[in-house]
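Colleague: The lines below spell out each chain.
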Amino acid sequence: MTTAQRVVVDPVTRIEGHLRIEAETDASGKITRAYSAGTMVRGIEIILRGRDPRDAWAFAQRICGVCTLVHGIASVRSVEDALHRAIPGYSIPANAELIRNLMIAAQYVHDHVMHFYHLHALDWVDVVSALKADPKATSALAQSLSGYPRSSPGYFADVQKKVKTFVEQGQLGIFANAYWGHPAYKLPPEANLMALAHYLDALAWQRDAVKLHTIFGGKNPHPNFVVGGVPSAISVHTRGGGQDATALNMVGLQTVQNVIRQMRDFVDQVYLPDTLAIAGFYKDWAGRGEGLGNFLSFGDLPSENFWNPDSYLIPRGVILDRDLTRIHPIDLDADNEIQEFVSHSWYRYSQGDAQGLHPFKGETELGYTGPKPPYQQLDVDKKYSWMKSPRWQGKSMEVGPLARVLMLYASGNVQARELVDTTLKTLDVPVDALFSTLGRTAARTLESKILADAMQGWFDRLMANIKAGDVRTFNEQYWEPATWPKHMQGVGLMEAPRGGLSHWIVVDDARISNYQAVVPSTWNAGPRDAQGQPGAYEAALQDNHVMHDPKQPIEILRTIHSFDPCIACAVHVTDPAGEELVQVKIK
Amino acid sequence: MPGPLIESLARQGITRRTFLKYCATLASMMALPPSAGRAMAEAMAAARRPSVIWLPFQECTGCTESITRSHSPTIEGMIFDMISLDYQETLMAAAGHQAEAARLDAMQDNAGKYLLIVDGSVPLGLDGAYSCIGGRSNVEMLKEAAQGAAAIVAVGTCAAFGGIPKANPNPTGAVPVSDIVKDRPIVNIPGCPPIPVVMTGVLAHYLTFGSLPELDDKGRPKAFFGETIHDRCYRRPFYDRGKFAKTFDDEGARNGWCLFELGCKGPVTHNACATAKWNGGTSWPVESGHGCLGCSEPDFWDAGGFYKALSVPADPLRIAGVAAAAGAAVGVGLSFANRAKKGAAKKAHQPVTLADLEKS
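Quick mapping for you: the protein sequence lines, in order, are chains A and B. Residue numbering for the first sequence follows this note's numbering, beginning at 1 and increasing consecutively. Residue numbering for the second sequence follows this note's numbering, beginning at 1001 and increasing consecutively.
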């Protein structure tokens, strides 16, 4: 039916940032080669040079407004790690670790739910088909899945009427020009209507869910942080109350408690059951979309502190070739372990583009060789992306929910094992099904459940500390850069919703002399390396994707969206063309 | 009336009266006459929803995320009932060619009438190759879309003033929208990100009157950016009494004292955080213990450091000491004097620095 051709999807929508996918298909429509390109840069790492390391979090945080807290946390951790390496015993108060854990977990649950309903769902849910659903049957379906209170026939009838009115007005807005009616949509009308109703419910839910960030960080998006702890002092024991207090008084803590409950309820009653119900109709997607088989996790959510990875809820390590019996350790400081390559990226390295550089020695000099816009096609044999290619021991790695759930599973986490086994049993698929587009999307849901459940424990510990009179939230020792050693360096690691994140900072005379952010979507969305090894997106698309109609590339969107791309995160390093690298002058 | 909006609100259990009340509240928040509330309600309930095209350039999607947090009106309320959001990359179902086609169709069908929202700065370096969508540079897309736009809303500090991409040394040659488009009305809604109600308030105003609200000299709506954070801060009494938190975790910090010495930029920052607050009135940066970053002002990234106190007086202890010793009465007097000084400077469009405030 078709001839071999190149399919270009640009812009890839329902993601964060600017992503372009080019794919070559054979005559049967099967993708033979895929190329992932980031098409926007700002240069935040360059902008960071020469600045006060304590300010870095605010800059770094603007790398991304979706996973809005992760770069802030990774950044303050990088400075704290530099201090910890230089000054034995340096740490931050236990309450600050607990508050950060709560904020990180809240970010996961918020982000994952929004990704599922507002970014990914429309790949699987046909909005137009929902108009044909019987609200009573939809109600019966929803009630068979969970005890969510908003599952009455009247509720679904209202949603359907709302959407029907909208469609009849003829102004489809954000729902225009999609692939409605495409044979790849498999859900019955009732499941489509249920998912559509939950799309709207999730929009309302998320507005309240972010209030946890607002209490601790003052606002969302882009809550505030501080090197040495958290900025929100605890006002519970002050005499004034009311006006003479911070947001972190008893009222604020009650808001936090309410959000934790709402998060758990939504995951248990809506997100988890919907994922399983929808996945049941798309089991063929358990057989494609995972190309690398290598997974990396830096681990996160300490029960003690950041410098004790053994206390992390999510473990650190690497899984190779889908072998869940062995977890490989990561040596952060070894020059030959974590490296970034630029063979196919629009950058130049001083010692040649074929070698990789460890982030502490990372370089960022722009070398744009792409076509002058406007352009139709990128020259993928040469350089074709603003993203670098990170590698671990020379290998491409997938990071993110699937990597974490596999790590939890492989390391014997009881809850993860139970959730994964139940999911596989419910869907009646083998363990191999995890290594797929469907497995990646399911993993995101399962880890949301694990984190939503864990939040209550951290909150209870925080409350117990406050009750016992420990309200410390900030380590003021070494706040002043005058107390710092002349030279120091550190790495702030975290697991962002999209995967392992690392910020590498080098500080000289209390100013940033090098800042490198190696981020989840660079691991996943980066281009080929010097050996021609594809990145995770590229490998995933080359794994068993036959396009039904190359003009309607829904298959590409399903697999790319299963990674939850965040491209502003992945691309943020640049220098002006031809200009010398910024030299930091220390005053 | 009643148009689809009123019907849909009724289905959601929201009465016409409640809706009118919302419009009246919004009108009063924007200092509009009472009749404006009714006009707003009628315009928003109109049969055909005005087309809105949202273009994302050098951005982080924080502005889009922020508007999804709008409590009143909600994002879904806007999409279903107030506007036709014909191009918005983060939310739209279509991708690639189909997405491009949706934008071009909307531009053609609503030529001269659509509202163009832009987030992110626009890089001019490398012929625009620093940021492309569909193989086309941002600057080219902006110029094309601006031609048929009735007005342009630059949301976020990047689109309004260049923001973080423009921070020193501005590696990509980033500029704000107003550097490129000169022949269309532009309203700047800065903030990193902007407060949701400020974005939706300006939209509601535009939908009602077909024009932009009154703007200040930086293109910002006066209704939301007319006063400084410091003017309306609930911690202002502590400033006036000379009571300052010295670290993020001392008695002063726990008692909600002024964050000036920890670098708060509230005195030189125009925004509505202190009154509108964030996320449904839950809190705002100062209430949660961190000084204001100054994020709604041009070039705030290069303003000297977030933890450096604004133009520190010769001897901060002296000022604190004097105010504390002289008691509340002097504090109030000082405060009035400050405001008078500030008012005069405002008329002359001079920036007021903290040094000015301290002197008076």
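Keep in mind that the hints were calculated from the coordinates and are not lab data. Here the structure is a predicted model, which is why all the values come from computation and not from measurement. Built from N, CA and C at the ideal position, the CB exists for glycine as well. The reader is advised that the hints may include incorrect statements.
[Claimed, not checked] Pairs of lysine to any residue, SDA-like flavour, derived with a Cα cap of 25 Å:
id, chain 1, residue 1, chain 2, residue 2
1, A, K164, B, G1210
2, B, K1218, B, P1185
3, A, K283, A, A468
4, A, K372, B, T1068
5, B, K1113, A, E168
6, B, K1143, B, G1037
7, A, K449, B, R1048
[Stated by the list, open to error] Examples of chain B residues toward chain A, derived with CB under 10 Å:
id, residue
8, E1089
9, D1105
10, S1131
11, F1209
12, S1283
13, P1298
14, D1299
Colleague: Hint by hint, say whether it matches the structure.
Modeller: Structure-based check of each hint:
Distance check on the hinted pair: K164 (chain A) and G1210 (chain B) sit about 28 Å apart at the alpha-carbon level, beyond 25 Å; violated. Taking the CA atoms of K1218 (chain B) and P1185 (chain B), the gap is about 13 Å. The hint holds against a cut of 25 Å. Between K283 (chain A) and A468 (chain A) the CA atoms are separated by roughly 51 Å; this puts the pair beyond 25 Å, and the hint is violated. With a CA separation close to 35 Å, the supplied pair K372 (chain A) and T1068 (chain B) exceeds the 25 Å bound.
With a CA separation close to 22 Å, the supplied pair K1113 (chain B) and E168 (chain A) stays within the 25 Å bound. For the given pair, K1143 (chain B) sits about 34 Å from G1037 (chain B) by alpha-carbon distance, which is inconsistent with the 25 Å threshold. Distance hint between K449 (chain A) and R1048 (chain B) is unfulfilled; the C-alpha atoms sit about 42 Å from each other, more than 25 Å. Given the 10 Å rule on beta carbons, the hint for E1089 (chain B) holds: about 5 Å separates it from the nearest Cβ of chain A.
The interface hint given for D1105 (chain B) is met, as the beta carbon of that residue sits about 8 Å from the closest beta carbon of chain A, less than 10 Å. The beta carbon of S1131 (chain B) comes within 4 Å of a beta carbon in chain A, closer than 10 Å, and the hint placing it at the interface holds. With a cut of 10 Å, the hint placing F1209 (chain B) at the interface with chain A is violated, because the nearest CB-to-CB distance is about 21 Å. The restraint placing S1283 (chain B) at the interface with chain A holds, with a minimum CB-CB distance near 4 Å, inside the 10 Å limit.
With a least beta-carbon distance of about 16 Å to chain A, the hint placing P1298 (chain B) at the interface is violated under the 10 Å criterion. Hint status for D1299 (chain B) relative to chain A: violated, with the closest Cβ pair at about 12 Å, above 10 Å.
Comparing the model with each earlier hint shows violations of hints 1, 3, 4, 6, 7, 11, 13, 14; every other hint is respected.
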